[in-house]
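**Student:** Chains as they are written, first to last, in numbering that gives the first Met the number 0: chain A, 0 to 191; chain B, 0 to 377.
None of these hints come from the bench; they were simulated from the model.
Since the model is a prediction, treat every value here as computed from it, not as a measurement.
Do not take every clue at face value.
Subject to a maximum C-alpha distance of 27 Å in a straight line, what follows is the list of computed DSSO-like cross-link-like pairs (lysine-lysine) [said to hold, decoys possible]:
| hint | chain 1 | residue 1 | chain 2 | residue 2 |
| --- | --- | --- | --- | --- |
| 1 | B | LYS275 | A | LYS62 |
| 2 | A | LYS39 | B | LYS69 |
| 3 | B | LYS294 | B | LYS69 |
| 4 | B | LYS37 | A | LYS131 |
Just so you have them, the derived chain A footprint on chain B, three or more residues with Cβ under 8 Å [claimed, not checked]:
| hint | segment |
| --- | --- |
| 5 | 36–44 |
| 6 | 60–72 |
The beta-carbon is built from N, C-alpha and C at its ideal position, and this holds for glycine as well.
The lines below spell out each chain.
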Amino acid sequence: MSKFKELPDLELMREIAQFESRALEELYERYSSLLYTVIKKISPDQATAEQILIEVFVIIWRKIGKFDLNNGNVFSWLVTLARNKAVDSLRRERGAGTTAQFYDDDYEDYFILPSFPNDMDSLDFNTAFTIKPKIEQALSKLTDTQKYVLHLAYYEGYAIDEISDKLNVPVETVRGKIMTALSSLRDYLVGE
Amino acid sequence: MADKALSEMIAAYAVGCMDKQNYMQFKDYMDESGYLPKGELGELQNIISMIPVILDLESPDPSIKDLVAKKLIGMKEEIKTKIIEEKKKTTLAATNLSKSSIGQTKNRTISFIDKKAAKKTATLQFGDDNAKIPAAPRKTKTETPEPQTPVMEPKKIESPDMAATPKSIIAPPQLISRATIEEPKPASPEKTSSGMMGLVALLLSIVLFSILSYFTFTSVNSLNGTVDDLTTQVSSLKNQIATANNFISNYTSLIEFFNYKDIIVTGLSSSDTAEKGSAQILLSFSQKEGLIQFKDVKPLQPNQGYQVWVQSKGQSYSLGVYQPGGSEYLKINSFPFLPKENIESYYITIESNEGSPTPSTVIYLSSAAGKIPKGRVN
């Protein structure tokens with residue numbers, strides 16, 4: 000059995016930072032299904048989703064230095080990275096022909112790589128899936144409107160003013176719905 | 000009101016639904032240590048990232064993993080250059096840090112830039128004065144005084160009097176008159192003054208010398224510290240480059256091999272599900288070249304080796320004996336001169352390290368029948 004199989008997520012990231020390719024392989028085994036599922040939910044088709052998954056792992060390999068190897072939150076970093084990359088691709092496709100389509104290292108660092116505060120609690124793959132039933136319950140307590148606004152924002156990649164246009168409601172209402180939805184989720188998951 | 004506005008921005012940032020302008024504004028605000036309620040953003044970002052957990056997980060096609068590997072292997076030069084550049088940056092930053100003053104926290108306020116409202120009127124913004132967020136205490140920008148340069152000090156201390164002093168003490172003999180010798184007079188105030196001046200000059204010289212010695216000593220100590228730091232950084236850089244080179248050298252043969260266009264990849268595994276060992280054979284029939292990679296295989300005795308076989312029309316042909324050290328790619332030293340259509344299967348047995356003319360032990364790993372070619376890599 001590979002020694003990397005037993006390593007916690009954060010240790011695995013440290014091995015990857017030493018350009019240990021088998022550690023990246025283990026990370027792929029551990030996370031590829033989750034990341035692929037997120038990306039596929041956002042992407043228009045399977046081929047695009049597969050291409051984005053490849054690009055996400057290339058980013059992990061190239062930009063591992065941007066991850067906080069001391070106290071980083073591997074689970075949230077990877078999911079957010081995959082989501083950001085897929086949403087960026089979706090927005091580009093949506094805005095093709097109307098906006099400048101540049102993409103370089105600086106852009107990737109600024110808009111694609113997740114930016115987390117230092118006081119963030121760490122979360123790993125097993126913990127996140129252990130509380131899956133609780134997350135389902137928390138989401139089920141949201142109103143239909145809150146769920147729909149969250150869906151449009153997170154999976155459809157729409158910005159607040161776009162959601163406002165789409166639903167024909169004031170921007171302030173959209174902001175409020177998002178904040179209330181997240182507060183409800185937090186109260187249920189953290190507050191109890 | 001202000002708390003609500005900030006909470007709305009934090010929520011929007013966590014979900015990732017800010018437009019570009021607001022996103023940049025909020026990110027800059029965070030980067031410049033603007034006030035954020037403790038733990039709130041991190042909590043929300045964790046919650047948001049857990050939302051996909053409720054989805055039914057779907058595995059990507061197995062070929063995607065190979066494509067990831069292939070893409071990464073193609074990046075060896077970029078990685079090497081990146082390591083060197085980042086280390087250079089780190090060294091420069093460390094040098095600059097020692098010169099610059101301590102970081103400053105800016106007092107910032109932030110509010111949504113409301114595009115719609117801005118179109119209607121410039122003053123009607125979501126974040127008006129009443130809605131301003133309590134900002135972090137502003138640290139006043141401290142002007143760091145320029146370090147004093149001791150070498151410049153002597154010019155300031157040196158006075159015209161000091162310059163004149165030696166002339167007064169060592170007066171030319173021809174200026175002493177005969178009358179002065181014959182009729183001694185009480186010492187004139189001028190002579191007393193020049194003696195005092197000499198003493199003062201001597202004391203000043205000693206003080207000046209002491210100051211210079213002190214500054215020289217502290218400067219040398221400081222430089223020694225910097226040199227030690229740089230030496231540590233250089234050795235760390237060397238270690239990282241050595242790691243990168245090691246990685247690159249392990250994969251050089253694979254990188255060269257992937258230049259060929261007709262590569263057939265075949266996976267070999269054990270029929271025993273408890274056995275974790277596996278192997279992968281990559282063949283280019285046009286170039287008559289191939290590679291083999293072993294993964295998690297059983298350790299061998301010193302006189303043993305893994306002998307790889309190809310079966311064609313019921314006959315077994317050896318592709319060589321290998322003693323892998325890890326999961327590196329090994330060049331196949333005996334390419335099968337057989338039409339690829341006639342190849343029925345590949346398998347591996349454990350033989351003596353000199354090889355066996357025919358398989359003499361049980362099959363350890365094999366490709367499943369009917370799976371050749373398993374995959375095709377371009």
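**Student:** Evaluate each hint against the coordinates.
**Tutor:** To see whether the hints hold, each was checked on the structure:
1. B/LYS275 to A/LYS62: Distance ~31 Å between B/LYS275 and A/LYS62 Cα, so the pair is violated.
2. A/LYS39 to B/LYS69: Holds, at about 22 Å.
3. B/LYS294 to B/LYS69: 17 Å, holds
4. B/LYS37 to A/LYS131: 26 Å, holds
5. 36–44: As far as the segment 36–44 of chain B goes, the hint holds, because 7 residues have Cβ atoms under 8 Å from chain A.
6. 60–72: Since three or more residues must qualify, the claim that chain A covers the segment 60–72 of chain B holds, with 8 doing so at under 8 Å.
Consistency note: the structure conflicts with earlier hint 1 alone.
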